[in-house]
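Chemist: Residue numbers (my numbering), protein chains in the order written: chain A, 1 to 254; chain B, 255 to 697.
Because the hints were derived from the structure by calculation, they are not lab data.
Hints should not be assumed to be uniformly reliable.
Unchecked claim - Cβ pair distances, simulated, as ranges:
| id | chain 1 | residue 1 | chain 2 | residue 2 | range |
| --- | --- | --- | --- | --- | --- |
| 1 | A | Gly70 | B | Ala532 | 30 to 36 Å |
| 2 | B | Asp499 | A | Leu200 | 39 to 45 Å |
| 3 | A | His232 | B | Pro696 | 34 to 40 Å |
| 4 | B | Arg446 | A | His232 | 42 to 48 Å |
| 5 | B | Ala574 | A | Arg51 | 46 to 52 Å |
| 6 | A | Gly70 | B | Pro503 | 21 to 27 Å |
| 7 | A | Gly242 | B | Ala569 | 22 to 28 Å |
| 8 | A | Asp75 | B | Ala495 | 19 to 25 Å |
| 9 | B | Pro633 | A | Gly154 | 45 to 51 Å |
| 10 | A | Thr195 | B | Ala532 | 33 to 39 Å |
| 11 | A | Asp253 | B | Pro503 | 38 to 44 Å |
| 12 | B | Val441 | A | Ser88 | 54 to 60 Å |
We put the CB at the ideal spot given by N, CA and C, even for glycine.
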Amino acid sequence: METTTLVAGAGSPAPHILVVDDDREIRELLARFLERHGLRVTAVRDAREARRALPHGHFQMIVLDLMLPGETGLDFARWLRSPASNMSHVGLVMLTAMGEETDRIIGLELGADDYMPKPFNPRELLARMRAVLRRAGDTAARASEPATRAWRFGGWTLDPTRRRLLSPDQVEVPVTGGEYDLLVALVERANRVLTRDMLLDLLRGRQAGPFDRAIDVAISRLRRKLEDDGRHAQLIKTVRGGGYVLAAEVERDG
Amino acid sequence: MTLWPRSLGGRTAVVLLASLALVQIAGLTIHALDRIDLLTLAETRDVGVRAMGIYRSVAQAPPAQREQAVHDLDLRDGSTARLQPDPPADELPQTYQPVRRQIAVSMQLVPVPAGQRSRETTMQGGFEDRRVIVGMRFPEGNWLNVMVPMPPIRIWHSMNFLVAFLLMTVAAAALTLWAVRRLIAPVATLARAAEALGRDVNAAPLPEDGPSEIATAAAAFNTMASRIRRFVQDRTFMLTAIGHDLRTPITRLKLRAEFMDDNELRRKMLADLDELEAMVAATLAFGRDVTSDEPVTTVDLTELTRTILDEAADARPELAEKLTYKGPNHLTVHVRPVALKRALTNLIMNAINYASGAQVSMSEPLKGQVTITIEDSGPGIPLAELQRVFQPFHRIETSRNKETGGMGLGLPIARNILRAHGGDVTLGNRPSGGARVTVTLPV
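Throw the hints in and build the complete structure from the sequences for me.
Modeler: Structure below.
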């Protein structure tokens, strides 16, 4: 077990991350990279070592490779999210094999907060980790809730594990990544007005690049897809002064 | 020949119905001939017996009173009799020989007092004339000329018979059609199964029951399907293994690059690694697409296409104006959405990379399939390349540059995916210049 601690500046202590990956070099390089960006890192090689490290580190997040020797990453994630672990509040970002859709879906169903396909871009991983850390900070109670399996509003279904939108007659209506994130932000805060700035803030975690005008574009595309006539929009309403609100009862399946 | 149907069921039905018609015609003919024989026999006997009956009645009287006997005859069947010195005049044609013989035979059956038998007999007329005139000479020398009506033979005497025959024919035809349909059904099932296998290599096996030939064909089909499945699994396994082995070194390199101090060098190295990753992803996609364990779901094809264009426009806003869609607003298809999106993305991104624009149009569904056309205003595709571009790792020589990138797997992957869905993709050039990609997909 290689442990390196690096406290980033004064004030609040740097978040503590547990990296679980069986490749020694990736483990070391990733630890160095994350530390350089102000995180504390403990790196272990498999689920057994991870279990041993967990009680001592006060970890905020686990970066978990799903392909592990011995106990698989999915089994470990299942245990982690079960009441038995007493660790269900810890953020979880999975590293999945490229193209292994099923691993990703099962992982998200088990309650992982995000995933990165391997080989990943280190900066993108860092951005996602920060987004997960921030969301965990946003709503402290959220972690104790079971993962959302689906949101339903106005007949439509939004399925977060497969990141897809289903029409009232169960036809999948494809959406871009940005549109999906925007819709999630609106659905999670249904019947609350969200200004463009708030939406930008909520989405920045995932979205790279300029997204200012893109919000309006994405809203108009979403309205088209939701068959919500732009001029008399009933689902996603425009609020005077520059904001949007999802006007619908949202049911949440745990 | 338009009467010869295309389907096996239609052909079998035509052959069987034609045979049925032949058998029925033969049956009717035999019945008619038999009936003609029988009626001929009955009527000739009747005529003979009646003529001879009249003769006997008259012959029993003494010769002097025969005129009175003829006069006293009570003939109720329309027959007439005359006592004349001569045989009947040639009023009608001579009776047809076989009929004449039969009448003569039946005349012998009537008992006549000894010595009174007719010494000579003439006969004229027949069925066609509706009567027969028989001349019989008494031993005394004068003639008794008798006319007996002879109705023509009616073959179709009974309405019941015709109705029954018609019902029987219709019932046999209906049974034939039903049986043909039942017998042919497994062939259609086999065709459907073959098509389903094309869409989904893990399609459920055929039931191996029914007639022995069909069961054998189903078993052979299932064996073939399982061989294809195993082959495809082996290939996927190998490619996945390669991809898995490569992702670790690529990940390491990407991490190492982050520690390089030279920003320009790091940027280039990361770009190279992204390209390498894209190649591995393409190879994996090429190995996987057909075997993908992605389930088939119902997807709005229109929105799938527009989403691809929207994503391209987001990535390159300067081209947004040149990315257009024309066609129906909603069109539901049963596909593997991730795979199909990859196929259409490859085709649309080709147009964007080579021609900086793509005009996508979609047809209304016609004869169970929808056509998507992707057109651009670029240089087009040389004729010699139209087929070759679908070969894996083949690239048009002039396109080997950084901007267009790629490994020459985009089109083969797109075609594999589309064919696995029961569709296809073809390339061509527009008359006005630029390439045209035509995609068909069953709906």
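Chemist: For each hint, tell me whether it holds in the structure or not.
Modeler: Here is how each hint holds up against the structure:
| no. | hint | in the structure |
| --- | --- | --- |
| 1 | Gly70/A / Ala532/B: 30 to 36 Å | holds, 32 Å |
| 2 | Asp499/B / Leu200/A: 39 to 45 Å | holds, 41 Å |
| 3 | His232/A / Pro696/B: 34 to 40 Å | holds, 36 Å |
| 4 | Arg446/B / His232/A: 42 to 48 Å | holds, 46 Å |
| 5 | Ala574/B / Arg51/A: 46 to 52 Å | holds, 51 Å |
| 6 | Gly70/A / Pro503/B: 21 to 27 Å | holds, 23 Å |
| 7 | Gly242/A / Ala569/B: 22 to 28 Å | holds, 26 Å |
| 8 | Asp75/A / Ala495/B: 19 to 25 Å | holds, 22 Å |
| 9 | Pro633/B / Gly154/A: 45 to 51 Å | holds, 47 Å |
| 10 | Thr195/A / Ala532/B: 33 to 39 Å | holds, 38 Å |
| 11 | Asp253/A / Pro503/B: 38 to 44 Å | holds, 41 Å |
| 12 | Val441/B / Ser88/A: 54 to 60 Å | holds, 57 Å |
The earlier numbered hints are all upheld by this structure, with none contradicted.
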